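Here is how the chains run, residue by residue.
There are 4 protein chains.
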Amino acid sequence: MNTFGKLLTLTTFGESHGPCMGGVIDGFPSGVAIDMGFVRQEMERRRPGGSMASTTRNETDEVELLSGVFEGVSTGCPIGFMIRNKDVRPTDYEQLRGVFRPSHADFTYQQKYGVRDWRGGGRSSARETACRVVAGALAKMALRKWGVDIRAYVSQVGDARLAENDADKLQALMAQVKAGDDTIGGVVSCCVRGCPVGLGNPVADKLHARLGYAMLGINAAHGFDYGDGFEGVAMKGSEQNDAFKLEGGRITTVSNHSGGIQGGISNGQDIRFRVLFKPVATIMLPQHTVDVDGHECEFMGSGRHDSCVLPRAVPVVEAMTALVLLDEFLLWRAYAPATNK
Amino acid sequence: MNTFGKLLTLTTFGESHGPCMGGVIDGFPSGVAIDMGFVRQEMERRRPGGSMASTTRNETDEVELLSGVFEGVSTGCPIGFMIRNKDVRPTDYEQLRGVFRPSHADFTYQQKYGVRDWRGGGRSSARETACRVVAGALAKMALRKWGVDIRAYVSQVGDARLAENDADKLQALMAQVKAGDDTIGGVVSCCVRGCPVGLGNPVADKLHARLGYAMLGINAAHGFDYGDGFEGVAMKGSEQNDAFKLEGGRITTVSNHSGGIQGGISNGQDIRFRVLFKPVATIMLPQHTVDVDGHECEFMGSGRHDSCVLPRAVPVVEAMTALVLLDEFLLWRAYAPATNK
Amino acid sequence: MNTFGKLLTLTTFGESHGPCMGGVIDGFPSGVAIDMGFVRQEMERRRPGGSMASTTRNETDEVELLSGVFEGVSTGCPIGFMIRNKDVRPTDYEQLRGVFRPSHADFTYQQKYGVRDWRGGGRSSARETACRVVAGALAKMALRKWGVDIRAYVSQVGDARLAENDADKLQALMAQVKAGDDTIGGVVSCCVRGCPVGLGNPVADKLHARLGYAMLGINAAHGFDYGDGFEGVAMKGSEQNDAFKLEGGRITTVSNHSGGIQGGISNGQDIRFRVLFKPVATIMLPQHTVDVDGHECEFMGSGRHDSCVLPRAVPVVEAMTALVLLDEFLLWRAYAPATNK
Amino acid sequence: MNTFGKLLTLTTFGESHGPCMGGVIDGFPSGVAIDMGFVRQEMERRRPGGSMASTTRNETDEVELLSGVFEGVSTGCPIGFMIRNKDVRPTDYEQLRGVFRPSHADFTYQQKYGVRDWRGGGRSSARETACRVVAGALAKMALRKWGVDIRAYVSQVGDARLAENDADKLQALMAQVKAGDDTIGGVVSCCVRGCPVGLGNPVADKLHARLGYAMLGINAAHGFDYGDGFEGVAMKGSEQNDAFKLEGGRITTVSNHSGGIQGGISNGQDIRFRVLFKPVATIMLPQHTVDVDGHECEFMGSGRHDSCVLPRAVPVVEAMTALVLLDEFLLWRAYAPATNK
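Residue numbers (the numbering used here), protein chains in the order written: chain A, 12 to 352; chain B, 12 to 352; chain C, 12 to 352; chain D, 12 to 352.
No incorrect hints appear here.
Pulled a few chain B residues facing chain C out of the computed Cβ check, cut under 8 angstroms:
no.	residue
1	12
2	26
3	79
4	81
5	86
6	87
7	88
8	89
9	90
10	124
11	126
12	128
13	134
Over the 10 angstroms line for every Cβ pair with chain A, so calculated as not near, a few chain C residues:
no.	residue
14	52
15	95
16	97
17	162
18	171
19	183
20	249
21	265
22	305
Keep in mind the hints are simulated off the structure, nothing from the lab. From a predicted model like this one, the values you see are computed outputs, not experimental measurements. Cβ atoms here follow ideal geometry from the backbone N, Cα and C, with glycine treated the same way.
One chain only, chain A, in its complex shape (with noise of 0.2 angstroms):
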């Protein structure tokens, strides 16, 4: 219930004030160069503090790498990993102890489990996407070899769209609902260049499947779709249809309606898609809620938190769609025939 994946497996642990939070790494192909100087790059860009959308919690996120890795190549051999955490303030969450916060996962889980770790959201709290973006720089080092390319970045916040050289208009939306003291949402797109034909399977674990599941598994997550997705709906067969054309003699197709999958399988052309994020739902207002001892009260969020959660989701994005597309080149690799060796 914490592990993602089939062959290649990310299974994480830790919350938010314990001592650490970390993973384990199965899976991972021996023979990898492990670039450290990388992962930090990405953790920073995951970084609390990283925008003016983003908490202030300082969080230096030092990766410790704990096996699986030696005289820096990957082994073979599961690879454990840890991230302190260093700047625990339980106090600033004592109030969390007895009362469920509106849209968080208080209530949820007291009621599953009879018992709950409340300083900062404990196992809820999106600092367990650390873990990810770890993992996710990895796997992005794995896939080097084969010219893969993933990238992320906001496309919408709010109802405001990325506009060719504006990406201000969003920054601009984003500050405005911060001086409210309230939280807006929007979403991550993701596009992924040089995969070959045919990642992915035909009927469970259809390619666009597992990345919707891997995106939904992110805190927030609200919505995914790949290629037209909800934007194209009122498009007729006749016009979301990818006519296919010869190239250089090889067979692509003349656009990308269907996001670089068709039949659960990949086309060889991009694959884009789509993640919709929730606005956080610690604001700085006061809101109506229930206590612990079922008493009615009021609770106003306090501590640092994001108002926009769509800067640093973006790592985890891509870090997610590393995850699940090098596990299906392994799958790949595994039943290749003598077409795509």
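Fit chains B, C and D to the supplied structure of chain A, relying on the hints for placement.
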């Protein structure tokens, strides 16, 4: 790769024009009375020809149970079943042998496997979903004792949304598209009533991630969201948060923007999600494409096809929902603390 | 719970006296020519009546492929198959309805599931292994291109061990036991030639652990060892260690006490293991037991039963071995570094 | 490949001479009071130096819990833990860099992965089993409420079997072998009391198949049997069958040749099985082998090693048993019909 589920699993097999479609339901609880009349009823809802948007292929879709049910009751052993492919006319599809139909799986299958059953799309045919309706019908029977009610419906065709008392607009649009030999997509919405607090898991197997995975595994599904989803993208945290309140001593929420799931776990409210379906790829209009010998050519659909997959997708959406929920009920029982006995 | 394997999976269904036994082989590589003559040949080896120790039940065991094979070649899609239960005589088993046969699964099924198909043992019948032989035959076809050869044989019946040129002693013992209306167990040994170095995994999925799991899943199997196993328990490290040497430039071992597996991974030597089978539980002698109404009573076996399961277990042992090895070959390909391309 | 279990899983990582060994226990029930004193006690049983047959390596084996336990109680979230490798002396093992030790995993790892952590055997070191003892200790705590009692013991060393009141003979043999710089194997037997009827599954996940898989995953384990096992091979069906009888209104068996499992499912009697361990591969005597440059050479073990793994294997056998049983209890709860509530 053809198996869904964790404890309750459905493994399917079969090609559109082979001897039969079939499957194995494993991990199904013992002691459930199996009502084959209800199975037939569910199959009837998925049957082609049930709506003017559907194909006229005469699929009687008689379900034969092969195991796991004894004297009308499930035994806890795997339930094998099959549905014979009676109305097979392979000659209808002879033209498919040599051509890659645009936005179909012909090309990706050929490249991935080096071989493909080209008869009517083979394994990639939506006929595979008949097996899911069988399994879903059985899952619904097992869910009855927990009082769970699953209802899906076509909520949008193209850009026409379901208004109160006006499903006619949707029907009209489908008819109009069919008359133009074209196809159209849309949205199936689903609402689940009666789930307790506590179904689902916090990280990898979030309830909505499992639902999304299941829905994106349905043919032609291109998107998924839950709660306010993409429609609520402009709303701020203060607008989307669901305040808690007391109602007759029980904790509930004032609103349900979360779609009944918080932190990956059901919160006792209605579970609401949407599934986007793209237009059917087979259109009765000429399209440019490439044949298996690597020459460009024209292709025009013929035979029996749906102009809009939505009406027939409704029972499939319900079936996949039932499979996910029964699976989660079993997991929930496995871990049930005092509070959710 | 009825599925074996990781990438290559076999899911079976069916009860001894239901309409059929069947299964789904998923994750089978595409492009393998399927020789149904070979399948029949393997089924014939398992057929009752092939030895005087076997039942006289006439099981024609005709295998019908339902999917996944097109124009004689595997397509990469799941291979569904079934074997109809033709020679069903439920009246033979009517007495089984009300009684718990000693050392059979009647009692444990009844308690676990609250219901059971009592006809001929239902799901617990060794007839289920027919499905494994089908899948094993297909796996053997796929393994041919890697030059793998799997040979199992009865090496011990009761305390009579197979001596060179003297399988007669074993046959004689089986005949003698049958004449006494009793049953006897023994050992099936298996030797696999032609495996490369590198199959298997170091910790959870050790090659011998997977083989042991597969063998212990065969009806009546009560033990497993590999290499010198229990027989070598008195030998010291200095006697059991396999010294390495060079042979034509390749590293090999002087002896093979390890049974071809070191650290959970094949070392290129012959893989050697043994499977212990207990005596068949159904004997033609009166036994004390309890009926379903909770009264003590006498029970005496009747109908058609094996006095010794060993001869028929041989192809099942080979089949399960083939399933494990093909699965491991696929995993090995997925991860193949330069050294085992 | 480093994960055990279905609902309750243990994923381990770490090499003998890396910074630490560690693991993640997932699917552990919430609300279990975690007694770290008991964990330490179990670790102490596995500690080297506890018997004269053991190495003198000073492993303090302090277990640090990193997550999943809050205020002394399990939260239902994954339990990460680590055990630092304190007494690491890599120079002891410098000679291992260039040589393939006979009957160790050096050669197979090198071939499979193209790279290996040669320090003290790296991942293949039996030190990995420390993680299993941690997880097993926690599983035992969870099992207490069901009244399950697991007891393993050394029942045979070489050909010396445990006789009543005479464990001295076994100790003497181990001492004698150690004095000769050699090693010896033997048998650990295990008895589980207090299991209800109904744990396990009929086909793939038979209870004994799961136990066998778990035991064969322990370093140096080369065999497994249950009930009368290999020792009872000469007994006929009439001698091995367990007649049912009534005892105080409950159905029980007169004898227990089946080892508490019938048809893959526990029958309420004591579960009895044996695990064979081969002699430790590292001996203090010169052996012929090959180095990594492909030259034949001599190798002689040095450093700290067990002459007999058996005493330290006892808590590992118990731990793996506890993991399998807790997993099966969870599955049993998931499906519990009226009869086993």
